[in-house]
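Asker: Chains as they are written, first to last, in our numbering: chain A, 305 to 920; chain X, 114 to 207; chain F, 3 to 255; chain C, 0 to 113.
If you are wondering where the hints come from, they were derived from the structure by calculation, not from laboratory data. Heads up, some of the hints might be wrong.
Cross-link-like lysine to any residue pairs, in silico, SDA-like; alpha carbons within 25 Å at most [what the hints assert, rightly or not]:
#1 X/K201 <-> C/D59
#2 X/K201 <-> A/P836
#3 X/K201 <-> A/R459
#4 X/K201 <-> X/Q133
#5 X/K201 <-> C/S110
#6 X/K201 <-> A/F887
#7 X/K201 <-> C/R99
#8 X/K201 <-> X/A188
#9 X/K201 <-> X/I134
#10 X/K201 <-> X/V189
#11 X/K201 <-> C/H24
#12 X/K201 <-> C/P65
#13 X/K201 <-> C/G51
#14 X/K201 <-> X/A142
#15 X/K201 <-> C/E107
#16 X/K201 <-> X/A141
#17 X/K201 <-> X/I136
#18 X/K201 <-> X/S161
#19 X/K201 <-> C/D104
#20 X/K201 <-> F/T247
#21 X/K201 <-> X/V162
#22 X/K201 <-> X/V154
#23 X/K201 <-> C/F100
#24 X/K201 <-> C/T102
#25 X/K201 <-> F/R89
#26 X/K201 <-> X/D130
#27 X/K201 <-> F/G29
#28 X/K201 <-> X/L132
#29 X/K201 <-> A/T670
#30 X/K201 <-> C/G101
#31 X/K201 <-> C/R23
#32 X/K201 <-> C/A109
Note that the structure is predicted; figures quoted are calculated from it, not measured.
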Amino acid sequence: MDQLFALVVAVPLLAAAAISAAGPLLSGRRQVLDATAIGVAAAVAVMLAVIMVRTAGGDEVYWFGGFRPARGIAIGIDFEAGPLSSGLASLAAVLVTAAMTFSWRYFEGVATYYHALMLIFLAGIIGFCLTGDIFDLFVWFELMGVAAYALTAYRPEERGPIQGALNFAITNSVGAYLSLSGIALIYGRTGALNMAQIGVFIDRHPLDRLVVVAFLLIISGLLIKSAIVPFHFWLADAHAVAPTPVCVLFSGVMVELGLYGIARVYWSMFGQALGHRAAISHLFLALGVLTAVTGALFCFRERHIKRLLAFSTISHAGMFLAGIALLTPLGLAGAAVYVAGHGLVKAALFLCTGIVLHRLGSVNETWLHGRGRHLRVTGVVFTAAGLGLADLPPFGTFLGKGYIDTSAGAHGLPWIIAVFLACTILAGGAVLRVAGGVFYGLGDAPSEDPEMARAAAEETSETASGKQRTPLTMIIPPAVLVLAALVIGVITRLGPVVQAAAIRFEDQAGYNATVLAGAHIAHPVAIAAAEPTGITAADVLAGTGSALGAVILALAALYWRRLPVLRRGYEPGVGLTEPLRRFQSGVVNDYVTWIVLGLACLGGICALAIGLLGSV
Amino acid sequence: MTAAVVTPYTVPVGMMDALQITILVLVAAGATAVVLVRDRVRQVVVLSVYGILLAVLFLAFQAPDVTLSELTVGAVALPIVLLLALAKVRKKEE
Amino acid sequence: MTPTQRRWVFLAGVAGLVAFYLWGLLGLPGFGNYPGPYGFVINRVAVAQTNATGVVSAVNFDYRGFDTVGEEFILFAAAAGVATVLRRLRGERERPAVDEAADRNVPPTSGAVRMVALLFTGPLVVVGWWLASHAQANPSGGFQGGVILATTFILIYLSGEFLVFKRFSPVDLTDAVEAVGAAGFAAVGVSAVAMGLPYLQDFLPLGTVPGAVSSSGTIALISFFVGLEVAAAFTLIVGELLEQTLLIRQGDG
Amino acid sequence: MQFFPFIVVGWILGIGLYGIVTSRHLIHQIVCLIVVQSSTYVLLLGVGYVTGAVAPYFYDVPVRTPAVDPVVQALALTDVVVEAAVTALLLSFAIQAHKRFGTLDPQELASLKG
Numbered sequence: 305m306d307q308l309f310a311l312v313v314a315v316p317l318l319a320a321a322a323i324s325a326a327g328p329l330l331s332g333r334r335q336v337l338d339a340t341a342i343g344v345a346a347a348v349a350v351m352l353a354v355i356m357v358r359t360a361g362g363d364e365v366y367w368f369g370g371f372r373p374a375r376g377i378a379i380g381i382d383f384e385a386g387p388l389s390s391g392l393a394s395l396a397a398v399l400v401t402a403a404m405t406f407s408w409r410y411f412e413g414v415a416t417y418y419h420a421l422m423l424i425f426l427a428g429i430i431g432f433c434l435t436g437d438i439f440d441l442f443v444w445f446e447l448m449g450v451a452a453y454a455l456t457a458y459r460p461e462e463r464g465p466i467q468g469a470l471n472f473a474i475t476n477s478v479g480a481y482l483s484l485s486g487i488a489l490i491y492g493r494t495g496a497l498n499m500a501q502i503g504v505f506i507d508r509h510p511l512d513r514l515v516v517v518a519f520l521l522i523i524s525g526l527l528i529k530s531a532i533v534p535f536h537f538w539l540a541d542a543h544a545v546a547p548t549p550v551c552v553l554f555s556g557v558m559v560e561l562g563l564y565g566i567a568r569v570y571w572s573m574f575g576q577a578l579g580h581r582a583a584i585s586h587l588f589l590a591l592g593v594l595t596a597v598t599g600a601l602f603c604f605r606e607r608h609i610k611r612l613l614a615f616s617t618i619s620h621a622g623m624f625l626a627g628i629a630l631l632t633p634l635g636l637a638g639a640a641v642y643v644a645g646h647g648l649v650k651a652a653l654f655l656c657t658g659i660v661l662h663r664l665g666s667v668n669e670t671w672l673h674g675r676g677r678h679l680r681v682t683g684v685v686f687t688a689a690g691l692g693l694a695d696l697p698p699f700g701t702f703l704g705k706g707y708i709d710t711s712a713g714a715h716g717l718p719w720i721i722a723v724f725l726a727c728t729i730l731a732g733g734a735v736l737r738v739a740g741g742v743f744y745g746l747g748d749a750p751s752e753d754p755e756m757a758r759a760a761a762e763e764t765s766e767t768a769s770g771k772q773r774t775p776l777t778m779i780i781p782p783a784v785l786v787l788a789a790l791v792i793g794v795i796t797r798l799g800p801v802v803q804a805a806a807i808r809f810e811d812q813a814g815y816n817a818t819v820l821a822g823a824h825i826a827h828p829v830a831i832a833a834a835e836p837t838g839i840t841a842a843d844v845l846a847g848t849g850s851a852l853g854a855v856i857l858a859l860a861a862l863y864w865r866r867l868p869v870l871r872r873g874y875e876p877g878v879g880l881t882e883p884l885r886r887f888q889s890g891v892v893n894d895y896v897t898w899i900v901l902g903l904a905c906l907g908g909i910c911a912l913a914i915g916l917l918g919s920v
Numbered sequence: 114m115t116a117a118v119v120t121p122y123t124v125p126v127g128m129m130d131a132l133q134i135t136i137l138v139l140v141a142a143g144a145t146a147v148v149l150v151r152d153r154v155r156q157v158v159v160l161s162v163y164g165i166l167l168a169v170l171f172l173a174f175q176a177p178d179v180t181l182s183e184l185t186v187g188a189v190a191l192p193i194v195l196l197l198a199l200a201k202v203r204k205k206e207e
Numbered sequence: 003m004t005p006t007q008r009r010w011v012f013l014a015g016v017a018g019l020v021a022f023y024l025w026g027l028l029g030l031p032g033f034g035n036y037p038g039p040y041g042f043v044i045n046r047v048a049v050a051q052t053n054a055t056g057v058v059s060a061v062n063f064d065y066r067g068f069d070t071v072g073e074e075f076i077l078f079a080a081a082a083g084v085a086t087v088l089r090r091l092r093g094e095r096e097r098p099a100v101d102e103a104a105d106r107n108v109p110p111t112s113g114a115v116r117m118v119a120l121l122f123t124g125p126l127v128v129v130g131w132w133l134a135s136h137a138q139a140n141p142s143g144g145f146q147g148g149v150i151l152a153t154t155f156i157l158i159y160l161s162g163e164f165l166v167f168k169r170f171s172p173v174d175l176t177d178a179v180e181a182v183g184a185a186g187f188a189a190v191g192v193s194a195v196a197m198g199l200p201y202l203q204d205f206l207p208l209g210t211v212p213g214a215v216s217s218s219g220t221i222a223l224i225s226f227f228v229g230l231e232v233a234a235a236f237t238l239i240v241g242e243l244l245e246q247t248l249l250i251r252q253g254d255g
Numbered sequence: 000m001q002f003f004p005f006i007v008v009g010w011i012l013g014i015g016l017y018g019i020v021t022s023r024h025l026i027h028q029i030v031c032l033i034v035v036q037s038s039t040y041v042l043l044l045g046v047g048y049v050t051g052a053v054a055p056y057f058y059d060v061p062v063r064t065p066a067v068d069p070v071v072q073a074l075a076l077t078d079v080v081v082e083a084a085v086t087a088l089l090l091s092f093a094i095q096a097h098k099r100f101g102t103l104d105p106q107e108l109a110s111l112k113g
């Protein structure tokens, strides 16, 4: 049974190599290629789900090459699987399956490389989720990155993809090298690469500057990958131009993986050494709130549907980060459920956008206004997914967001609830505005923003023919994903189970014992008391309220100009982001500048917050 | 694992031979030169020299394996790939 | 931002970042005082456990072999990406290079250069092959060997035989070799799984002579596959770039 | 003096980042990214160095001979491969960018993107 751990990475990699080797033979047989890729992704999803269920009662460790640790020193590389890590990997595999099914009829002339790169991307994600070795984490991070850069530039005949891929690759590579520097730094101190072993070492020694610097450097690459402000600029450039099925993975899991990496690094290496200081928690909460607000404002302002969805992802990434930064089991559990719910509905939204692009040849909201009326099923799915994004009960997003709110409220941060409510309404409202305008022709077309119109006009159809009807293989995946997001929300036992998994994830001593001593931890020690996971009437009210708010905001945006009182030509959202827009310049030099400045500031704050400056 | 890891080979601190210091200075200068040379083709040549300097440094760090890699990749393969790319984009410039 | 603004913002940022970085670096034990234990433990046990006298190769292909699987696929993905991005697009056609700067005087490749370049290819193939297959003993291994093998391709180009070479090394074949190399490594690991051992566990018998090719179990085998993969990936990348430079022209140009 | 190699690492990182930020040509920028990455090799090999020790090869020396850390060398090897892979991919992007935009200045690329 243990061999599952090796197979979940080896199978997609071998399949990618096989597809590539057999490329010339398969050139006329797309179906074989598609079926292989879908089959492999689905099989991997099932294997990971099995691991997830199996590890619910205790994490499991797998040592590659059979090199088990002796006397607390690891000489090999291990996979450490718990329900949260394998669950996230499983979500990725599900989304790859959906994306590959969608592209069955979507891309007509794709070469074998598309399938191979998607499977390699998946293998990178899985390795990243499960590994227990910090350098191995970097290797899979890079593998994921290289496959993602190549997939972003999949349509090199256009300008946008090339430019987006360049910005993506350069910013993320800088981040990866900073992370590697951090790994080298911590290795120079501890002489270990196994995360548990490093954690044990630095916890036994007094906290000093090297540990703080290494922590910040290691997470810098992950902060960039997860598009936390001010490291987020590359994301909209890349997400807006990547092929739609690839966007599903970028928004659905890749951003979240960066956050998972931060949580993993914190809870298996640095958490105890840093002493779970309130200062650290507050720093990351602030980053999360800043990201959530910035993303939501940009999202509402946007007219290019893929960019709009990308900014909504940034906003959600901020909320996930805040959930993790609460350093409570319920906060982490909320983030996990929220990631799953968001990943499913966001994937559905991107796939529906892909259908719109396929049928109507545009992603410009203004131009599309009222032109999607005949896409009835797509419209229903898109609207449902939009409501899910606005946390309508009983979607999984509602549950996850509710847990983060509960935990924040219980820990003296009730204002976060209000801020996040506003962000959700803004982002959800923007998506529902698109739904109402494009699919139902409600109200007036939103005004054209000349700059955005140019960007949206550039986006030509990714497909060649077959625009008369939507193939079933394109509409079924988003419909199933939305249903799955609903199912997550109605599983009654989900809350306690995920919270138990979060307690396990946050139990660093338990993690260390599992990895280094092969212990089976049946009862992990909670870092903070478990909180009630039941859904109260107030929760339902809040969720319904946020969805209702989003609907009202969407309608207001669509009918604004018809309101007699305010007929001043004013458009909601205009002007809100003007000062910020200048930062989103598209020049990679600027982006790297902000990364450097942002890291310098974070470093300074960390150093001060931990109070080390005096003790140098 | 014991609290403080006992180093099996205790060596005096701060012993660095002159060779290592010299090459480190050269490497720092080389990196600066690579960045500051703005002529593309010349920059690739400087990069190749920088690759050789790094290779020598790695030899001084007792890493012959990495030396060999750095020589084949940093000093030969990458400059060639870069020159090919430059040849491709050269035409429309100036 | 204007370049000037950017420069000032950056200088402020980089001063802070590098200061922070150095502040942390100064917390290291000092150059030459690596504290262990990882490397020291490996140095002690590697020869006995793997029969490889080159410990770096033992780490790369055995103890941390799983990293190398990922590393090979990074190269594989990059080669696939290069091939994808540089694939021939609509409106581009193949045309041998015609020098567009008519006034440039390019001397033809001299016979001597051709001779020297071609003379080098033979020894380089041998050296590359040897490096790729002797990972267990010396500072060498699949990666360096593979790059050197790929360098022979470049030499053949230097000798002006690219168009000939292209006929003999169709992209499909290089592709297949690359895939076999990458898959081979992963498959060696899976073979161990099939035998009920942990992934990548060395399942070949160790010989009696430390450092001999046949003595180090799977290390030599993996190194060979890595060499294959690397050589093919580099050949593919250089080949794509050569094709771009020499053959692909835009529109009807 | 025992921190001199690490100070050089900081310098290489800083100057490489400076190159990326001030670059007006994509290929120049990619070369600067190579410089940034090269700082990680020096750091890796620097932290694993042991004064007076031999390289980790025991072909003709006894196993107990003090040797430098082989692990960082293996990591640096992986790092070199990553460098080669990322550079090749970025160059292919740059070639396409030149075809589509006719320029390789990041500033102009952003304004021409549409």
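Asker: Are the hints correct? Go through all of them and say.
Answerer: A quick look at each hint next to the structure:
no.: 1; hint: X/K201 <-> C/D59; result: violated, 49 Å
no.: 2; hint: X/K201 <-> A/P836; result: violated, 63 Å
no.: 3; hint: X/K201 <-> A/R459; result: holds, 20 Å
no.: 4; hint: X/K201 <-> X/Q133; result: violated, 39 Å
no.: 5; hint: X/K201 <-> C/S110; result: holds, 23 Å
no.: 6; hint: X/K201 <-> A/F887; result: violated, 32 Å
no.: 7; hint: X/K201 <-> C/R99; result: holds, 13 Å
no.: 8; hint: X/K201 <-> X/A188; result: holds, 21 Å
no.: 9; hint: X/K201 <-> X/I134; result: violated, 39 Å
no.: 10; hint: X/K201 <-> X/V189; result: holds, 19 Å
no.: 11; hint: X/K201 <-> C/H24; result: holds, 14 Å
no.: 12; hint: X/K201 <-> C/P65; result: violated, 50 Å
no.: 13; hint: X/K201 <-> C/G51; result: violated, 48 Å
no.: 14; hint: X/K201 <-> X/A142; result: violated, 30 Å
no.: 15; hint: X/K201 <-> C/E107; result: holds, 19 Å
no.: 16; hint: X/K201 <-> X/A141; result: violated, 31 Å
no.: 17; hint: X/K201 <-> X/I136; result: violated, 35 Å
no.: 18; hint: X/K201 <-> X/S161; result: holds, 19 Å
no.: 19; hint: X/K201 <-> C/D104; result: holds, 16 Å
no.: 20; hint: X/K201 <-> F/T247; result: holds, 5 Å
no.: 21; hint: X/K201 <-> X/V162; result: holds, 23 Å
no.: 22; hint: X/K201 <-> X/V154; result: holds, 12 Å
no.: 23; hint: X/K201 <-> C/F100; result: holds, 14 Å
no.: 24; hint: X/K201 <-> C/T102; result: holds, 12 Å
no.: 25; hint: X/K201 <-> F/R89; result: holds, 15 Å
no.: 26; hint: X/K201 <-> X/D130; result: violated, 44 Å
no.: 27; hint: X/K201 <-> F/G29; result: violated, 46 Å
no.: 28; hint: X/K201 <-> X/L132; result: violated, 40 Å
no.: 29; hint: X/K201 <-> A/T670; result: violated, 40 Å
no.: 30; hint: X/K201 <-> C/G101; result: holds, 12 Å
no.: 31; hint: X/K201 <-> C/R23; result: holds, 18 Å
no.: 32; hint: X/K201 <-> C/A109; result: holds, 21 Å
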